[in-house]
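From first to last, the protein sequence lines are chains A and B. When we follow the working numbering, the leftmost residue of the first sequence carries the number 1, and every step to the right adds one. When we follow the working numbering, the leftmost residue of the second sequence carries the number 192, and every step to the right adds one.
Rather than coming from a laboratory, the hints here were simulated on the basis of the structure. Ideal Cβ placement from N, Cα and C applies to all residues, glycine included. Please note that a few of the clues may not be correct.
Reference listing, derived: stretches of chain A covered by chain B, where coverage requires no fewer than 3 residues with Cβ under 8 angstroms from a Cβ of chain B [stated by the list, open to error]:
1) 29-36
2) 49-60
3) 154-163
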Amino acid sequence: MMQEIRFHGRGGQGAVIASKIMAQALFFEDRYAQAFPTFGAERRGAPVAAFVRADDHFINVRSRVTTPDFVVVMAARMIESVPVTDGLKEGGLILINSDLKAAKFNFGNTASTTAGLPFRVVTINLNRIALKFGLGTEIMPLINAPVLGALAKVSGLVKPESLIRALPDFIPARLKDNEKALLAAYEKAGE
Amino acid sequence: MEKSAILLGSEAIAHGVKLCRPQVISAYPITPQTHIIETLSEMVDRGELESQYIKVESEMSAIAAVLGSVSAGSRSFTASSSQGLAMMHELLHWYAGARLPLVLVNANRALGAPWNIWSDQSDSFSQRDTGWLQIYCETSQEALDTIIMAYKASEQLMLPIMVMIDGFILSHTMERLMIPAQEMVDDFLPPYKAPYQLDPGNPLTFGGAAQPDLFYELKKAYSATMQEALGLIDQVQTEFARKFERHYSAVMHCQEGDKNSDTAIICCGAMTGTARVAVENLSQTEIAVDLFKLRLLRPFPTTDLAAALKGKKRVIVLNRACSYGVGGTLSQEIRTALYHLPDRPIINDVMISLGGKEVFPETISDIIKNREQLSETECNWL
């Protein structure tokens with residue numbers, strides 16, 4: 001079965017790089033993967049989406065992902081303006097970079113629980129993890145490594161070791177800190 | 192040994208070019224072609240590729256620079272897109288007339304106005320009549336392989352070849368592919384030996400004038416060579432398949448309907464992948480259609496196409512380029528090729544996408560489902 005991921009982020013946050021690292025890691029596990037961004041949106045701060053598909057054979061379809069199994073929101077405020085759960089499959093999962101509890105986000109759930117929703121909502125403060133390892137600044141933490149650690153944990157799509165193996169081709173600096181942040185997010189996600 | 196990799200389409204192309212060992216590269220960056228020549232410049236900088244990389248100030252200069260190097264007998268490479276390819280237009284004619292073998296990769300993109308950087312095949316379709324061979328690729332693997340085949344065919348025929356990838360859709364997508372081993376490519380593609388070249392030790396005249404009768408005879412010969420090119424391209428593809436075990440032909444039957452299927456759809460480039468999914472999904476609803484892709488636009492494989500589509504009652508042509516005032520450019524080509532058939536199929540000319548308008552599997556399956564409503568004479572806009 002094909003699995004599809006849609007990353008939502010702001011230009012400069014690393015959604016596109018994260019999608020590429022994910023595809024490379026899937027390749028290391030001998031899977032077929034496809035990664036591509038929403039084309040032509042390369043402006044700092046602008047809403048960006050990037051897509052990954054994974055399958056056991058070559059992937060023919062080339063249009064953007066409209067029915068993702070996994071949605072990743074790298075900037076929680078985007079939820080106010082971007083319909084991030086559009087097409088999210090039943091039984092799917094949305095991962096949000098935030099220190100708020102999942103039920104604080106309104107996808108039609110009550111303020112106390114997300115239990116009735118057709119998908120899981122998981123939150124994790126990736127900014128804090130990134131900053132703990134000195135990645136980026138308060139204004140723009142670099143979360144593409146930790147976001148992948150968290151996604152690996154909650155999706156079971158890929159092993160963290162495969163992601164770590166894929167990092168050097170895409171992360172030019174502070175490789176060790178990125179590895180540590182990735183593993184820290186892997187440990188913490190979904191707790 | 193062949194090596195499995197996951198790369199951006201642009202990077203896959205750079206690897207294909209590197210395997211062909213071009214002695215001279217000159218190009219000017221333009222989105223979405225930039226990563227191709229950027230990757231090549233890094234390969235040259237790291238010493239992985241021994242090549243003269245000539246930086247220039249425009250596409251006109253890029254194509255002119257390699258005109259010099261090809262004339263001097265060097266295997267050369269350039270790449271462009273959209274407005275850049277349009278800027279090269281004048282010299283594209285010159286290459287063909289002068290019988291200069293060159294491989295150019297074009298990342299298909301729309302031409303302004305209005306400004307648009309997204310995928311559209313109008314840029315290369317509007318260079319149909321320059322005398323270049325044109326090949327359209329569905330995947331990054333196909334593009335990489337086609338570059339290797341293109342150098343071989345180009346040098347044997349002494350004709351220039353343009354290899355197309357859809358901008359962004361292939362150039363900016365990371366996907367898995369095999370990179371052939373250098374030794375195998377060296378064996379398939381020996382170094383280029385020009386039969387005539389610029390050489391102070393052996394002065395010859397290049398680019399002279401031709402009086403009307405001679406001009407006519409040269410163009411007649413050129414046209415005959417383009418017809419012969421069909422056979423040679425076939426041969427090169429067969430030889431490639433024997434060595435690398437990947438099969439390509441001018442027209443490819445991508446998805447079979449059932450034996451009663453009387454409808455075919457045809458397109459060229461990366462859209463074929465999405466069409467494969469559409470046709471497969473439809474086969475589960477008992478609508479059976481055959482899917483074909485056209486790889487070779489020039490020379491046009493008239494005989495192969497007529498044979499492939501023989502017996503079909505309807506051919507739906509999905510266009511990504513428009514000849515305004517007529518309709519889909521690809522549709523015109525298909526109509527011409529099928530006109531002589533005793534039982535001509537209905538041709539449905541569909542303008543499915545321009546300027547990056549997204550094509551989903553449902554876009555294609557809806558067209559097929561509603562085929563009876565399509566105009567048979569006018570271009571069908573969505």
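Going through the hints against the structure:
By the rule of at least three residues with a Cβ nearer than 8 angstroms to a Cβ of chain B, the coverage given for the stretch 29-36 of chain A holds, with 5 such residues. Residues of the stretch 49-60 of chain A with a Cβ under 8 angstroms from some Cβ of chain B number 3, which satisfies the need for three, so the listed coverage holds. Residue count for the stretch 154-163 of chain A with a Cβ under 8 angstroms from a Cβ of chain B: 0. That is fewer than the three needed, and the coverage hint is violated.
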